[in-house]
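**Q** Make the full structure from the sequences, and use the hints.
If you're matching them up, the sequences are chains A and B in order. Going by the working numbering, the first sequence opens with residue 1, and the numbers climb by one from there. Going by the working numbering, the second sequence opens with residue 1001, and the numbers climb by one from there.
No lab work stands behind these hints: they were computed from the structure. Any given hint might turn out to be false.
Between beta-carbon pairs, the in silico distance windows are [as the list claims (entries may be wrong)]:
(1) ALA1207/B with ASP242/A: 48 to 58 angstroms
(2) ARG1320/B with ARG219/A: 44 to 54 angstroms
(3) SER1088/B with ARG19/A: 28 to 38 angstroms
(4) ARG32/A with GLY1268/B: 18 to 28 angstroms
(5) SER61/A with GLU1083/B: 38 to 48 angstroms
(6) GLU83/A with GLU1083/B: 21 to 31 angstroms
(7) SER1158/B with THR181/A: 53 to 63 angstroms
(8) ALA17/A with ASP1214/B: 43 to 53 angstroms
Here chain B is said to cover these stretches of chain A; the calculated rule only asks that three of the stretch's residues, wherever they fall, bring their Cβ under 8 angstroms from a Cβ of chain B [stated by the list, open to error]:
(9) 91–102
(10) 121–134
Because the structure is a prediction, the values reported are computed rather than measured. Every residue, glycine too, gets a C-beta built ideally from N, C-alpha and C.
There are 2 protein chains.
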Amino acid sequence: MNDNFSDAEDQVAVNLASRSYAIEIKPGLLSRLSERLDRFVSDEHVILVTDDNVAELYLESVVSQVSEIAQRVDVICVKPGEESKSISVCDELWQKMVDFNTDRQSVVIALGGGVVGDLAGFLAASFARGIRFIQIPTTLLAQVDSSVGGKVGVNLPSAKNMVGAFWQPEVVLIDPLVLETLDEANFRAGLAEVIKYGLIMDVDFFASLEASVDQIGRREPDSLTKCIARCCQCKAAIVEEDERETSGRRAILNYGHTYGHAIEAVFGYGRFLHGEAIAIGMTCAARLARDLGMVQDSFVERQTELFRKMKLPVKCPTERHDELIASMKHDKKVARGKLKLILPVGVGEVVVLAAPDDQRILDSLKN
Amino acid sequence: MNDNFSDAEDQVAVNLASRSYAIEIKPGLLSRLSERLDRFVSDEHVILVTDDNVAELYLESVVSQVSEIAQRVDVICVKPGEESKSISVCDELWQKMVDFNTDRQSVVIALGGGVVGDLAGFLAASFARGIRFIQIPTTLLAQVDSSVGGKVGVNLPSAKNMVGAFWQPEVVLIDPLVLETLDEANFRAGLAEVIKYGLIMDVDFFASLEASVDQIGRREPDSLTKCIARCCQCKAAIVEEDERETSGRRAILNYGHTYGHAIEAVFGYGRFLHGEAIAIGMTCAARLARDLGMVQDSFVERQTELFRKMKLPVKCPTERHDELIASMKHDKKVARGKLKLILPVGVGEVVVLAAPDDQRILDSLKN
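**A** Okay, structure coming up:
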């Protein structure tokens, strides 16, 4: 655990040499945007990327605040949902950016969840070979995971996040109060990533989640703010060690994700929310670890119990298991044709292992 | 001028910290590929990207040599020409890379001219958020310019190279003998970029080109090797100073390019070769500099004379000048809505200037 969260300033630092930035976490921040953004977009051309759902709630206020300081604000509004993370949507939006006279000094702001952040980030990374980029995540999943660390990109029909870049934002602005308007399913799905941090690196955090299921479920701002800050600290620590996922350290963030991505790809992006798919994925991974003798049954039970309390799914669909295995083998964590998996050895610790034979993976899909 | 060309080793070093690499320049290198590539692709999965024209000449030999050392070689062959540098081609090829089970350890090799290098480089930069990449340029333009420095990308219908990345190769392997099979028009077009280095930063090199028009025109291997090495030294020196085109230094490489890109975009990629378009562009830029009192008429004449001797076009099309101006304003060198131009102040020196009013630019288009 790094300890760079300062209560006084509500900031987590992400230290990446010339690409360093701050994550600011504060209830009410979205109503005081112009003072927070002033350093970054003063007199600049801003392209604000959002989706229809978020636009309905926040676009007017955000555009009005950004307009106070920017030279000009152009808005790109996409359809909500994973389908917007596609090459065809990028193709349309790159052209739109040309039409907006976007240049290398322009700044892209992502206002939305993981889809908006990943898409807007890839547009920023690839337009004119890279322009500046700011994240204002509005879902729990985006606040604790996807908005931090610079992974941006879009999906191919057969492979999630397969086209993209590492492109760090200039700042991440998080307002936990926006979670009040998040629908229950997406809020719960975000909790899957929250719990993941406990499982992969922070047993105390995991225990504190077990102890505060009710407060979190009621979305108490204090509990959420602490929760988000802790997750961002965890993520920052890992990203600082391994920005481009080369040393292997960053791979631990993908606990449950090889399974989860395959579940999303085979059953269609949309049937499961990402967080739901990875809750199922972590459950499968835990079973596999148990079958391999790496953890006891009690670990699987403890993990499953918290998912259930947080109302997350833990059952893998019972059909198309061969397709799931094939899809897992297209995962980006495949190295030299050999699939690797992140598997637990206890609460707060995971390891990266070469996958065992297909039969064992098939077994782990069975509830 | 940096002086990091060693005759003994036929290498130019590009020093970019963790992204440093060598440019190897040697007649006959393409016949001894396996020893040159051994360090980079030993037992790796290779995706070899080329086009139909280059494939006919070199594919069999290259695949056979790479296969000796790689674990597996998959070939992607695109249609020759600028049309292949498009999002729709990328979309198809990203999917092909998934089908080839490409993973983060795979290596992309670009065997071809600027189109193949830019396209293959962008595929490498964006697939799985970035995989390794090697350049084997087979045109003069690619050998002296586009294969060195990490600019990769594709075109939008209305803006050249607008989607891309800075993605450095692991090594650039240049065999001047392959230029024997290059068609005359493309060979001449490449000379436009060669002459450009003299104009922007090396008056001695410019004079030596004036003195060796015939040897170069006959493609004498010795002359070409020296020429290519000198250009690569120039390019390496600039890229080392300004890898991501942030300080402004790298912008000087774009002498003639703002005009040239507009000519290509307005008259259709394909009517003019890139080198032809920038020869016309440098001629326009020289006229503008003269009109602004930055150079004498004699400069324009000296530059034009060498272009003519090298059989490069210097006349701008006489129609659609308003569209050319509009297209120039979409250029990536636009900053905060203000177009910048690279203009000469003498042979061997250029400056970056805010563009004057449209009328002056219009005047500079007139032959």
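**Q** With reference to the structure, classify each hint as holding or not holding.
**A** Status of the hints after comparison with the structure:
1. The hint said 48 to 58 angstroms for the Cβ distance between ALA1207/B and ASP242/A, and at roughly 51 angstroms that hint holds.
2. Range check, ARG1320/B to ARG219/A: about 59 angstroms between beta-carbon atoms, so the 44 to 54 angstroms window is missed.
3. Between SER1088/B and ARG19/A the C-beta distance comes to about 32 angstroms, which sits within the given range of 28 to 38 angstroms.
4. At roughly 50 angstroms, the beta carbons of ARG32/A and GLY1268/B sit outside the given window of 18 to 28 angstroms.
5. In this structure the supplied range 38 to 48 angstroms holds for SER61/A paired with GLU1083/B, their Cβ-Cβ distance being about 45 angstroms.
6. For the pair GLU83/A and GLU1083/B, the beta carbons lie near 28 angstroms from each other, so the given range of 21 to 31 angstroms is met.
7. A hinted range of 53 to 63 angstroms for the beta carbons of SER1158/B and THR181/A is inconsistent with their spacing of about 38 angstroms.
8. Hint check: ALA17/A to ASP1214/B, Cβ distance near 51 angstroms, so the stated range 43 to 53 angstroms holds.
9. Coverage of the segment 91–102 of chain A by chain B holds. Counting CB-CB distances below 8 angstroms, 5 residues qualify, and the rule asks for three or more.
10. With a threshold of 8 angstroms between beta carbons, the proposed coverage of the segment 121–134 of chain A by chain B holds, since 6 of its residues qualify and at least three are required.
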